[in-house]
Structures are given as C-alpha cells and as structure tokens.
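K.L.:
Spelled out, the chains give:
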Amino acid sequence: MAASPAAAADASGRTTEDMMRLVEPLIPALRRYARTLLRDRANADDLVQDCLERVVTYWHQRRSTATARAWVFTILHNLAMSRLRQGARRGFPVPLEDVEEAAMALPPDQDHGLRRQELLRALDCLPEEQRSVLLLVSVEDLSYAETAAALDIPLGTVMSRLARAREKLLRETEVNPAGPTPRPSLRRVK
Amino acid sequence: MSDRPITEEDLHAYVDDDLDAFRRSEVEAYLAQHPDAASRVSAFAEQRQALRSALAPFAEAPVPPELDLARIIAARRRPARSIWRSAAAAVVLFAAGAAGGWFMHPPAEPASGIAALAQEAAANYAVYAPDYMHPVELRAADRGELLRWVSQRLHRPIAAPDLSQSGYRFMGGRLVATAHGPAALFLYDDDHGTRLAMLIRPMADQRNTPMSLHAQGPVSGFAWADRGLGYSLVADASPQTLNPLADEARRQIDSKAAS
Chain U
1 MAASPAAAAD
11 ASGRTTEDMM
21 RLVEPLIPAL
31 RRYARTLLRD
41 RANADDLVQD
51 CLERVVTYWH
61 QRRSTATARA
71 WVFTILHNLA
81 MSRLRQGARR
91 GFPVPLEDVE
101 EAAMALPPDQ
111 DHGLRRQELL
121 RALDCLPEEQ
131 RSVLLLVSVE
141 DLSYAETAAA
151 LDIPLGTVMS
161 RLARAREKLL
171 RETEVNPAGP
181 TPRPSLRRVK
Chain F
191 MSDRPITEED
201 LHAYVDDDLD
211 AFRRSEVEAY
221 LAQHPDAASR
231 VSAFAEQRQA
241 LRSALAPFAE
251 APVPPELDLA
261 RIIAARRRPA
271 RSIWRSAAAA
281 VVLFAAGAAG
291 GWFMHPPAEP
301 ASGIAALAQE
311 AAANYAVYAP
321 DYMHPVELRA
331 ADRGELLRWV
341 SQRLHRPIAA
351 PDLSQSGYRF
361 MGGRLVATAH
371 GPAALFLYDD
381 DHGTRLAMLI
391 RPMADQRNTP
401 MSLHAQGPVS
411 GFAWADRGLG
421 YSLVADASPQ
431 TLNPLADEAR
441 RQIDSKAAS
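Sequence order for the protein chains is U and F. Numbering-wise, my numbering puts 124 at position 124 of the first sequence, and it's gapless, one number per residue. If you want my numbering, it's the 1-based position in the second sequence plus 190.
Isolated chain U (complex conformation) (with noise of 0.2 Å):
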C-alpha cells in the first residue's frame, strides 16, 4: 500500500506501520508513567491496555499535530484521571511502594534503598497536579508545550507547578548534612 506524498511528508505518519514504529517503544514508559499515577501495578497494566485501545482506534484519524509521544501521553493521562476519580470514590490509595520490585530494584548498597523510598513517599504526597507535570517534564520528557497541551493548562501553570513541585519535593528529600538519616521512619521536622 502505497502512502500518499501528503502523509509521507508528515513526519509522524498514520499507517498502521508509523503506529508499531512510534507507540511501541512507548510502552514501556506508559507503564511507568500510569504505576506512579496508579500505584497498583495490574490497576496501571490495565489502564495501558484502555490507552493502547484507543491509540489503536484513533490513529488514523489524528489530527493533532503533536508528536506521538505526547498525544499518547495525553491519552493515558486523561484515562489515568478519570480513574482516580473513580477511586477516589471507592477508598484508600495504596502507596507507591511494591516489596517485589523495590528489592529487585535495590541497588549493592542500602543507603541508595532508603533514598529511593523517601523520594517515592515524597512524590505521593505532591499534590496530584504538581506530580503530572513533574513526571511528564523530568522523567517522560515531554515539552514544556507538550506538557500544557497534554494536561489542558496553559504554559506558565506548567512552569509553576513545576517550580513547586520541585521546591517541595528538594524540601522533603533534604539529606541531612551529618550523613544519611539511619531510621527513615523518623519524620523530619520543618
């Protein structure tokens, strides 16, 4: 089949081909991206497959002119959205800590551990605005224009959610001077 010169030019195209070439390597960064918003690895698995259905459906009829990437993004984020609403109805998140993974992921030494969980309990208790923006921009890589876009505010609420959500997160994770903190469930006192 051949493509026309129109979608030929458009870098990101709308064959089923563009879609394996360009959503594929995505995968594995929308899981990533829909556990920390979900916490629960089948809950965030599941909210995927709900966004890979649709990326599947709308593709070729994308109009937009983001790129892959941040379309997909968009999508996930806002199935991701309406589930936390759902949930928020229902109960209690659970908190982003997974015994299997976080011992799989425990590097040679424990001090690492510990940081890596004080940062993920930092990034629970941001507000749930300021942590989109932050994992779109510093771990998705998203634009900062991609990011408005994705979320529906404008540039500079971007910027500023970002701004706090990095002040917050630098005031939580604070090592202290005299060497790493030896019982983390001890809560620094602001």
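Source of the hints: derived by calculation from the structure; they are not laboratory data. On a predicted model such as this, the values are computed, not experimentally measured, just so you know. Be a bit skeptical, because a hint or two may be false.
Claimed, not checked - Label-pair distances were calculated between CB atoms; the ranges are:
#	chain 1	residue 1	chain 2	residue 2	range
1	F	Ala330	U	Gly87	23 to 29 Å
2	U	Arg121	F	Asp395	22 to 28 Å
3	U	Glu167	F	Gly357	20 to 26 Å
4	F	His324	U	Glu167	49 to 55 Å
Unchecked claim - Derived lysine to aspartate or glutamate pairs resembling DMTMM-like cross-links, with alpha carbons at most 25 Å apart:
#	chain 1	residue 1	chain 2	residue 2
5	U	Lys168	U	Glu128
6	F	Lys446	F	Asp332
7	F	Lys446	F	Glu335
8	U	Lys168	F	Asp332
9	U	Lys168	F	Glu236
10	F	Lys446	F	Asp321
11	U	Lys168	F	Glu198
12	F	Lys446	F	Asp395
13	U	Lys168	F	Asp208
14	F	Lys446	F	Asp416
15	U	Lys168	U	Asp124
16	U	Lys168	F	Asp395
17	U	Lys168	F	Asp352
18	U	Lys168	F	Asp226
We put the CB at the ideal spot given by N, CA and C, even for glycine.
Given the structure of chain U, go ahead and fit chain F onto it with the hints provided.
P.N.:
Positioned in the frame of chain U, the structure of chain F alone reads:
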C-alpha cells in the same frame, strides 16, 4: 547578550533542556556568576536524575502479552463474525446488569422523570461508548437518515447538537430502548478518544426542568427537559468539563426550537 533577565523559569528550563541554544548560553553565563542559583540548578538536576532512576524499575519489568501492540491491532481486525457475538454478549450483559439491578434494589422507588432519563443515558453510555467495533449504527455520514429514523420513531423532529466548536465530532447514533420507550442516542468523540453520549426521548411530564447533574462512578451527566423532550449528556469526564458542553447543546436545542 539579550536584555531579558534570567528568570526562575529559565533555570528550570535549563535543567530540562527546554531552551534554545542562545538562551542556554545566557543562562550558563548567569550561573557562572551566581553561585546560589548554580547550586539550586544542580540540586534540581540531581533530583531529576534521582527521580528517573527511582522510577526506572517500573519501565523495566517485562511487558505482559496484553500490552503487545501488534496483538491489539490484530484483535481489532478480526472478521465480522465476532461482531455479532460481541453484540449478543453486550445485550446479555446489559440485560443481566439491568436484571441484577432490578432484583438487588427492588424496594427503592423506581427513578422517574429526569433521574430515570439520566440513568438510562448512563446505562447506554456504558454499553456503547466503550465499543470500538460498532459504537453507532448509523455514522455521521448518514446523519440525515439517522435523524429521519429517530424523528419518526419518537414522533417529533429530533436534532443532534453540533459540538465541533468544543472539539467533539459527531460520530453518529442509533435508536435505543429505555424503560420509557425508544430514545435517540448520539455519540461524539474528540481527538483523544473521549466519548460523549447524548440521549433524547419524550418525557411523560411536559414541564421544562433546569439542568441537573448526575454522577455514577466516573461517569457524569447533565440532564434536562424542554418542551416535552428529555435530554441527557453523559461522559467519562468531570462535571467541570461536561458542563459547558451541556450548556452549548441546550443553547442549540433552544435556539432551534425558537426559530
């Protein structure tokens, strides 16, 4: 050097590599002279790196087969035979759900008026909006035929609001069954696959009602009655998102009726 002062935003954009080369060099020059700013920037950069490595394990786990894109694409292309099977399954599930609901909550007074309409709209949304094979029976291209069909069955002229200005395309629709007789169901979607459903049917009570919000799980809806017809717009979206769309739909319906 440009005259633009270096802002807080520039510092973050520097960390995220979201600056053009010229601005980037300006920020670098600024950081060389402002150790305080430089140490904040390096703290942000470290934090960025720490976040990436902390979350990396979530991306590294092997991808389960359900998330195999090629498989999802192939499933979408299955022969038409299975459409009937899934349609039949949907009917059975819908009937089972309705029956389950009926038996489990018999004493509660049956919803009537606008509340019943909102429930019917939510039930139809739950069946048709997630359907990626046959969400509508007549597509947008057959709009004329669709409107003639539902108008004839509802015994009055039915129009489908145009929500394209708000970013929602008309997908088409179908005639559906409700506890109060036939209704018209129209579906809309946006570029990201968010779908809206609008249910329209005659109301026994001819009085007009103000617009009211109904929420069931993540699905919210706005329903109202006007000149003997009930309207309910539902979507898997927050009421804040849906409200302006419902207002727009009502405005169009009002202006059509007035003309």
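K.L.:
Lys446/F and Asp416/F: Cα distance at most 25 Å?
P.N.:
holds, 12 Å
K.L.:
Would you check the hint for Lys168/U and Asp332/F, treating anything up to 25 Å between C-alpha atoms as holding?
P.N.:
It is violated: about 54 Å lies between the C-alpha atoms, which goes past 25 Å.
K.L.:
Does the Cβ-Cβ separation between Glu167/U and Gly357/F fall within 20 to 26 Å?
P.N.:
violated, 34 Å
K.L.:
Keeping to a limit of 25 Å between CA atoms, is the pair of Lys168/U and Asp395/F held or broken?
P.N.:
violated, 55 Å
K.L.:
Please work out if Lys446/F and Glu335/F have their alpha carbons no farther apart than 25 Å.
P.N.:
holds, 19 Å
K.L.:
Verify the proposed pairing of Lys168/U with Glu198/F, using a straight-line Cα cut of 25 Å.
P.N.:
holds, 15 Å
K.L.:
So if I understand the rule, the pair passes when the alpha-carbon distance is 25 Å or less; does Lys168/U with Asp226/F pass?
P.N.:
holds, 18 Å
K.L.:
For the pair supplied as a hint, Lys168/U and Glu236/F, confirm whether the alpha-carbon distance does not exceed 25 Å.
P.N.:
holds, 14 Å
K.L.:
Compare the distance between the alpha carbons of Lys446/F and Asp395/F with 25 Å, and conclude whether the hinted pair is satisfied.
P.N.:
holds, 21 Å
K.L.:
Could you grab the alpha-carbon distance between Lys446/F and Asp321/F and see if it respects the 25 Å cut-off?
P.N.:
Given that 25 Å is the threshold and the Cα spacing comes to 31 Å, the pair is violated.
K.L.:
Does 23 to 29 Å hold as the CB distance between Ala330/F and Gly87/U, or does it fail?
P.N.:
violated, 34 Å
K.L.:
Tell me if the straight-line CA distance from Lys168/U to Asp124/U falls inside 25 Å.
P.N.:
The hint holds at about 12 Å.
Consistency with the previously given hints fails for numbers 1, 2, 3, 8, 10, 16, 17, ordered from lowest to highest.
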